[in-house]
Amino acid sequence: MKPILETVQLTKMYRNDRGIRDFHVQLYPGDVYGLLGPNGAGKTTFLKLITGLIRPDKGTVALFGASIAEQFEQGMRHVGCMIESADFHDFLTARQYLQLVARYYPGIGNSRIEEALDVVGLAKAKSDKIKHYSTGMKQKLALAAAIMPEPKLAILDEPTNGLDIEGTVMFRKLIKRLSEQKGMSFIISSHMIHELEQLCNRVGIVVRGRLIKEGCVSELLQSNQSLEQYYIDQLRLAGEVSESA
Amino acid sequence: MHSWKAGYMGELLLLWYRRKIAVFGIFSVVVPILLAASFHALQPILGFMAVSQSFPLTMLGIYTSVWIPLFIFMAAADLFPQEVASRTLKLALLRPNSRFQVYGAKTAALATGIAALLVLLGIVSLACNLFAGTLAGFAETAAIVKAYIASFVSMLALAAVFVFTAQFFKSSSGFMAFSIVLYAAAKIAPFLSSAVAAFSPASYTDWYKLWLSQTVSAGKLTTAFLFLASCSLLFFSLGYYKFVRKEV
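As they're listed, the protein sequences go chains Y and G.
Counted from 1, the first sequence has number 79 at position 79 by UniProt numbering; the numbering is strictly sequential.
Counted from 1, the second sequence has number 181 at position 181 by UniProt numbering; the numbering is strictly sequential.
Bear in mind the hints are in silico, worked out from the structure with no lab data behind them.
A few of these clues could be false.
Here are the simulated PhoX-like cross-link-like pairs (lysine-lysine), alpha carbons at most 20 angstroms apart as the crow flies [claimed, not checked]:
id, chain 1, residue 1, chain 2, residue 2
1, Y, LYS131, G, LYS90
2, G, LYS242, G, LYS90
3, G, LYS209, G, LYS187
4, Y, LYS58, G, LYS209
5, Y, LYS173, Y, LYS152
6, Y, LYS129, G, LYS20
7, G, LYS146, G, LYS220
8, Y, LYS152, Y, LYS176
9, G, LYS246, G, LYS90
10, Y, LYS152, Y, LYS2
11, Y, LYS131, G, LYS20
12, G, LYS242, G, LYS170
Bear in mind the structure is a predicted one, so any value in this text is a computation, not a measurement.
Isolated chain G, as found in the complex (with noise of 0.2 angstroms):
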């Protein structure tokens, strides 16, 4: 347990400690700000896009479409091609850690990556909310709060998808553009053929909206985060598969 904990502990100061994530960071927090002012601005023009009470979940739309999938695709580069193509994965096999252990530690530090970018984000489109003097009460924040969570849930499951395909590059830019193209293509999909929605993580990026619904059925609120979980676990047992048969 202490040489995973150690291993995991790395594996995030080494995504912290790159230039990119935290430029990333600085734009997760910008970019909402800018949003609201300009829509505020826009208001006497356009009214119906102030910044209401539900900016937060306006918000959470493009957070969860695209901003997380982009981090997720940049950090899953950095944890895995990126680290074969500079031959510092050696660095991390070297250790007292089991192969099992080091595919764990860096998946879960970029799970650890997506939750703090949803609480950040969460946090800057509240405090959005506050200077634009729409602050939500407390039963419609904690919906907010409860589609911020379920939001995690789904992108943890695209997160395992793009683990799993990581294990085929060795070069991050090469996955970078693939995990882009086939994230547009898994998108694009469900309006070709209705049943790809179904089958599709990339399908349930608002999922989140389900648990705001009063009238969603509880089966099926479960059905779906069943297959969200298998989703995660079926793509995370393939990318280890992958994982431990690479030879550095």
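Just chain Y, same shape as in the assembly (with noise of 0.2 angstroms):
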């Protein structure tokens, strides 16, 4: 099976030292991988170099065996992404910023944008200017127009980050949804590590720019008693936690 994404030595150093080094990384279709590390750690630089916001000070990216670099348009056709914070043009309602999005795939029409913003629960403010919007709603935003083109791949940073408790339970069940019904792929890089352990068949932990460790999730847990646990002890032999932790 070919690998929908692949990085090869990816790296990225910033003047204040921190970014990723040697970052190879492999996801096959139906893969749901999760992203662990403390803050600063370098999960949304590897994000941002798999999307080709940030440029690789080496090493390489491919996305469904396009170069990154070289073939951003045909890599990026079947992915869909929310990185970082979800910011918004403020004066658009959302209704029309998903609009605009279903501008750049082809046959999404106006039921497919409905059904979207029913799905994350924006329905009844759909018509309201975006700046309205707490950060949970812009949050729920930013994953209706990652997912309503239904890529076959979805890279999303933070996704529960200001979700209510509803909006987190939303969360897991429409990721669950989409990746058991239409085989989507997930990169979810989150805190949320009980979210990871219930959703994700694979993880990579990243610790001060190295992904230290990866591994099924089924397998990790034969041999602890949480993906939290194992987190901490791999946190702990890395010298990022003290042993009392």
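Fit chain to chain and form the complex, with the hints in mind.
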């Protein structure tokens, strides 16, 4: 099976010595890949690199076999993203924004836009200007925009930030449904480790810019109490947390 | 091509939805009418300032030296530095469009805005003539249309300069302030050194006058056109060089 995402020796270092080094990641169709790590470990940098928002110092990224540096358009055709904070042109309504997004993907009509708004629970607020939205509502809109084109791969950076409990449950059910019914793949960077434990089949742990561990969640859970315990153990081994943690 | 078209339409709609662009459009309609009404009212006193057949050309001088440059600064600020400041640039960059397509769509939207503004201003100015009862004949109207089309070329070159300049800014207000100062300096510079005039796109804002003159040679028109076209291409390319290296 060909990987839908492949990074080789992906490296990007900032002047403050933060960034990522030598990331080798392969993602296959149907994977739900969780990216775990402390704040500032390099998770968002990795996601920005694979979506071309920033350029690597070294290494390559291929999405669906297309090099992101040379065939960006082809690589991103089947990718939906929400990277970093949910920022929008706040003078638009949610519906207007999704209509703008829909133009990029052939075959998305008004019914799909309405469906996406309905799925994330924004149907009632669809005609409100985004500037009147709460952080959680903006997060839901970003999620709606990412999944609306039904991409083969969705890249979600901290998707549950600012979501209320119902929103978090909605998010979990949505990802599960899209993964199981539509075969959609996901990369999810999150601190909500319990969510990732329920959603992901694979996880990667990033510490100080390095991908220190990767594994199948089911296998990790056979030898560990929980994903959280495994994660803390790995951080302890890397010297990121004290022995008492 | 489909993605580029989507990006272009998206940028156009984003310009359209912005309230200040709508306000600018309303002023573009109101100002010529107010000026025409004032001129008409003052005609018995001042005589020569009546709404004559050349009113659209008189107004074109104001449009190309002040009004449209202001639109260019404002629209370029919204299309580039404002998108960086509000972190919305990534919304376009994460779509299946190359950086060149995103940059091209934004620049094309600005060019379309300039063309639309010229058409709007031209129609309003001609309408003022119509209401003042001084509507020009076919030949004069054709000359007016020719002047407005020629103005588009010089405004495009000016837009390319400021699209390039916009790539250095992360705040729209900073860019606006700098652009106004830069433009004013570019307008004053030819008075201090005549050599500047030949190589500054800002000196070509009244280029349309050459097209109205019967005595200007085709060679001079071609040279000026080639200069403006080269400026547009050069600054468009330089702007892209900066844009493609942007990390968001």
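Hints breached by this structure
4
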